[in-house]
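Could you build the full structure based on these sequences and the hints that come with them?
Counting in the UniProt record's numbering, the sequence shown runs from 1 upward without gaps.
Keep in mind that the hints are not guaranteed to be accurate.
To be verified - DSS-like, lysine-lysine: derived pairs with alpha carbons at most 30 Å apart:
1) K198 / K142
2) K212 / K198
3) K212 / K142
Don't read these hints as lab results, they were simulated from the structure. Nothing here was measured: the structure is a model prediction, and the numbers come from that model.
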Amino acid sequence: MNLKVSDIGERGLLEILQKFCPAEIIGDDAAVLDLPGDRSLVVTTDVLVNNVHFSDATTSAEDVGWRAAAANLSDLAAMGAEAIAITVGLALPPDLSVSWVERLYQGMTDCLQRYNTPIVGGDICRASEISVSITALGAVAKDGAIRRYNANVGDSIVITGYHGLSRAGLELLLHPETGRDLSERDREILIQAHQRPKPRLDCLPYLQEIVKRSRIAGMDSSDGLADALLQICRGSGTGARIDRVPLSPALVEYVSPEQALDWALYGGEDFELVLCMTEEFAGGFAEHAGEGAAIIGRIVSGDEVTLADGKRLDFSASFQHFSP
Numbered sequence: 001m002n003l004k005v006s007d008i009g010e011r012g013l014l015e016i017l018q019k020f021c022p023a024e025i026i027g028d029d030a031a032v033l034d035l036p037g038d039r040s041l042v043v044t045t046d047v048l049v050n051n052v053h054f055s056d057a058t059t060s061a062e063d064v065g066w067r068a069a070a071a072n073l074s075d076l077a078a079m080g081a082e083a084i085a086i087t088v089g090l091a092l093p094p095d096l097s098v099s100w101v102e103r104l105y106q107g108m109t110d111c112l113q114r115y116n117t118p119i120v121g122g123d124i125c126r127a128s129e130i131s132v133s134i135t136a137l138g139a140v141a142k143d144g145a146i147r148r149y150n151a152n153v154g155d156s157i158v159i160t161g162y163h164g165l166s167r168a169g170l171e172l173l174l175h176p177e178t179g180r181d182l183s184e185r186d187r188e189i190l191i192q193a194h195q196r197p198k199p200r201l202d203c204l205p206y207l208q209e210i211v212k213r214s215r216i217a218g219m220d221s222s223d224g225l226a227d228a229l230l231q232i233c234r235g236s237g238t239g240a241r242i243d244r245v246p247l248s249p250a251l252v253e254y255v256s257p258e259q260a261l262d263w264a265l266y267g268g269e270d271f272e273l274v275l276c277m278t279e280e281f282a283g284g285f286a287e288h289a290g291e292g293a294a295i296i297g298r299i300v301s302g303d304e305v306t307l308a309d310g311k312r313l314d315f316s317a318s319f320q321h322f323s324p
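Set out below in structure tokens:
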């Protein structure tokens, strides 16, 4: 049978490709490679393609650069790793303006400078469409990486901020008329969440102190809060009960509570952290992480991830490449 990529989808393709990789290294937001001494190298790669991840209608060249850098730094944060450097691979149409490329790099630099992370190399080639591929390098204490499979029954589930804002910002950019009743401040909050997401590297010092004393499971929510919860539970062989999902005041000013919850769960590209840790540390961490951070539920036995009303979360509702 000659299967096409569209027949098996993104997750099906990943399962095939993972067979070619060492099982003990892959499966998290980044790969962790042991080095001599007390540190491990953390490596992640992310690709952004024009008209798939961004478009001129919603994203300037500077914002493309920022988002590309932020996506990779978020993967490092999800592993508990400090950023070291990135490399950039560009595939570009020959008729693309040089100015667009310069603005792309300015956006990357604006993001990276906040986290003292340099661009140390890369590659360029000719293509029919713009593609930006970034590999980010980080470092973490040996045995100190945050893994998806470390959740235990009884753990508290903590998020580092509001979800659904990026999806709302995209909707505002595509359909500005839908936000005519929003204040300028709320409009800016939602649009900035989409165009200039902030990787949560700011949480690392606090997380690193917890890791010294206890295990943490987690990942980032780039593919949606629901997806992150399901991935963690699947990797850990557990279920979860979600008691509440905090919603941003700006989001509930824009759409109905039902729509806001749907976007919070399945919208994606919020680049917050979803973490499972013992109750002893969860409350203090949520307070430290700032606005929108909260304990949203607990890890339970079984294999279902359910909301307070008993509704099960669904993988198929999250964005997946190659889906119809």
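Hint check:
1. At roughly 26 Å between alpha-carbon atoms, K198 and K142 fall within 30 Å of each other, so this suggested pair holds.
2. Of the pairs offered as hints, the one joining K212 and K198 holds, with about 25 Å between alpha carbons and a cut-off of 30 Å not exceeded.
3. For a cut-off of 30 Å, the pair hint linking K212 to K142 stands: about 11 Å separates their Cα positions.
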